[in-house]
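Undergrad: Listed below are the residues making up each chain.
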Amino acid sequence: MEINASQSKNFLYNLLKIRLVDEYIADVYPTDVIKCPIHLSIGSEAVSVGICSALKKTDMVIGGHRGHGIYLAKGGDLNEFMAEMYGRETGCSGGKGGSMHLISLENGLLGTTPILGSTIPIGVGAALSSKLKKNGKLTAIFFGDGASEEGVYYESLNLAALYKLPVIFVCENNKYSIFQDLKARQPVDNLYKKGEAFGISGERVDGNNVEDVFLAAKRAVKVAKSGKPYLIECVTNRWRQHVGPFYDHEIGFGTKEEIEKIMLNEDPIANLLKKAKKAGFFDDKFVEKTRKRIIKEVTNSIEFANKSPLPSVEKLYSHIY
Amino acid sequence: MRELSYGEAIKEATFQMMEKDPSIIVMGEGVNDPTGMFGSTSDLYKTFGKERLIDVPNSENAFTGMAIGAAMTGMRPIIVHQRNDFLLLAMDQMASQAAKWSYMFSGKAHVPIVIRAVVGRGWGQGAQHSQSLQSLFMHFPGLKVVMPANAYDAKGLLVSALSEENSPIIIIEHRWLYKAKCDVPEKIYSVPIGKASIARKGKDVTIIATSLAVADSLVASEKLIELGVSAEVIDLRTVRPLDLDMIKKSVIKTQNLVIVDSGWKTCGVSAEVAAVIAEDPKSFRALKSPIKRVAWAETPAPTTYALENIFYPTVETIVSATLEVIKGETINMESKYEEQKFTKKQFTGSF
Ligand SMILES: Cc1ncc(C[n+]2csc(CCOP(=O)(O)OP(=O)(O)O)c2C)c(N)n1
Ligand SMILES: [Mg+2]
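First to last, the sequence lines map onto chains A and B.
Under the numbering used here, the first sequence has 113 at position 113, and the numbering climbs by one with no breaks.
Under the numbering used here, the second sequence has 1171 at position 171, and the numbering climbs by one with no breaks.
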């Protein structure tokens, strides 16, 4: 399968949107207008964009604490996203969730929550529902290399394989769990093989290359449609600190050189631009136009958030049974 | 005497006990990372090595089981969690194995593990990063549950847990107390588990509190003095087993009771303390007015600050609840007092 120009333009729009939104959040965060923990998707945009681009709007996704990319790539509304960051009533979770609890049911995002591994079986359950209803919907489950250490992941692999569920397991391997290196946590570097014992095929892709992720996701969709789970390991990076707006070296961890090397050589956006220009899909002018369009959207979303009211006091008790 | 913060006191206790007892090991996600569990384990591995300071993968259920296995075969593991919420993944190991092991086998084996878990609060920690699970664990016979409210107790209780006890012990620490300082002896000393303390003497009303709520109650008691009310503040320190003697004695003396817990009311510490007082004929008959409880709103913690601010009770809530008990009428404090100083803004930023 070949990538075409319109797909490539969509990749650009989505990658750049996640980048610019998260960069805005990082810039403004020290001023305290956003009062919740943030786990940015800068550097790993191609994972959510590549996967979600291969899914239909009606297909479902679920994720963990690092959810900005997933929300935006699946088509979540930017105004509601920004309002959620600002704790406003108009946010996608009514302000009650913040950055770690995003939802966009109209676009198939079932939710993101920050207990590691916890949403993996929930995604399997969504797939069970699709199978029973025979509605043809797939479910993609996003989780990190760190979350893959939770026992519930292996139980979920077993269940998904046993019941032949249309699930795509997406492991976003940024090689870290907070400060802990993958090598210090797992004896073998084979995240894509974790499903093998359950008969689940898997593959490892360059998670900084949106086309590769997209093509892997297309393969996964095919397998999942046939009633078999599939596992994709996307190897990528997080550029900023685990939680918060800074770089690790700014808080005394790692070096500036390390991260600058990654930013120079493994930038998902630069990777796309290189390929797209070579293929003649678009030029610098188009990139600039896209950037301007996104900046306008971001500006509007900030205005929307600022204008939106905070939840009123009685909202504390709403949505409890 | 020398002052230490709560976090430093925990670290010092761990250090000194590890020096003394080679069977003590520490396990947790991030114990050796640069932030070292908010400073409470940072750099310990430089002295004791990574064999004894085990920075484990994200496998709470399994490593808790592993600690239990190590404990019953001669080690003394300390487990550390950055949030209470993560304990729930290890619930089976804690509640069905650790708590019951000794009993199931007629005391032929023991599980002396210490499980430390920090409570998050504020800055949008939200529903899954701010729970305080003392009530859940105090339900289980076989567990002891400790909630230090200051640096002195944090050190002394941890020392006791590591040297004088054979049972599994859960220590619930509060993130907002981590920077609070007080006098802490340099030597090793212990604070007995199961004993409350009188944080402030008084005669008109007893305020029984846990953890961060002790600090709030102490500030409240100062405001109450201005209003002519002398409150006795009791710091429970251990919520299982409860120090019934001290609780009852104080209630019989002051004849009024307010209970403040950093957690929910329903089936909570405050419910248990109220029940104990209601069941004890002398205490019950001594009461001049109904018991009043101050606790979290009965909802998950919301993220937005607009709601987070009203989810948690404040010093003012404690003051007005106490006045209500004493005067029998509702009093709105909001207009009178600005927000409390003790804890405010101690925890901003991301984690
Ligand atoms: C059950 C549980 N344990 C621990 C944590 C604390 N925690 C939050 S994110 C994180 C690291 C997760 O690493 P990974 O899954 O690789 O995701 P990444 O942050 O790298 O994207 C940890 C340990 C948690 N949220 N839930
Ligand atoms: Mg990771």
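No lab work stands behind these hints, which were simulated from the structure alone.
Any given hint could be a false lead.
[As the list claims (entries may be wrong)] Below, in silico cross-link-like pairs of lysine-lysine (BS3-like), each with a Cα-Cα straight-line distance of 27 angstroms or less:
hint	chain 1	residue 1	chain 2	residue 2
1	B	Lys1100	B	Lys1050
2	A	Lys35	B	Lys1050
3	A	Lys315	B	Lys1179
4	B	Lys1046	A	Lys183
5	B	Lys1050	A	Lys175
6	B	Lys1050	A	Lys183
7	A	Lys256	B	Lys1046
8	B	Lys1046	A	Lys175
9	B	Lys1223	B	Lys1100
10	A	Lys228	A	Lys194
Undergrad: Run every hint past the structure and note whether it holds.
TA: Results for each hint:
1. Lys1100/B - Lys1050/B: violated, 30 angstroms
2. Lys35/A - Lys1050/B: violated, 36 angstroms
3. Lys315/A - Lys1179/B: Given that 27 angstroms is the threshold and the Cα spacing comes to 33 angstroms, the pair is violated.
4. Lys1046/B - Lys183/A: holds, 20 angstroms
5. Lys1050/B - Lys175/A: Holds - the C-alpha atoms of Lys175/A and Lys1050/B are around 20 angstroms apart, at most 27 angstroms.
6. Lys1050/B - Lys183/A: It holds: about 15 angstroms lies between the C-alpha atoms, which stays within 27 angstroms.
7. Lys256/A - Lys1046/B: holds, 25 angstroms
8. Lys1046/B - Lys175/A: Within the cut-off at roughly 24 angstroms; holds.
9. Lys1223/B - Lys1100/B: violated, 45 angstroms
10. Lys228/A - Lys194/A: holds, 15 angstroms
The structure fails hints 1, 2, 3, 9 (numbered hints given earlier, in ascending order).
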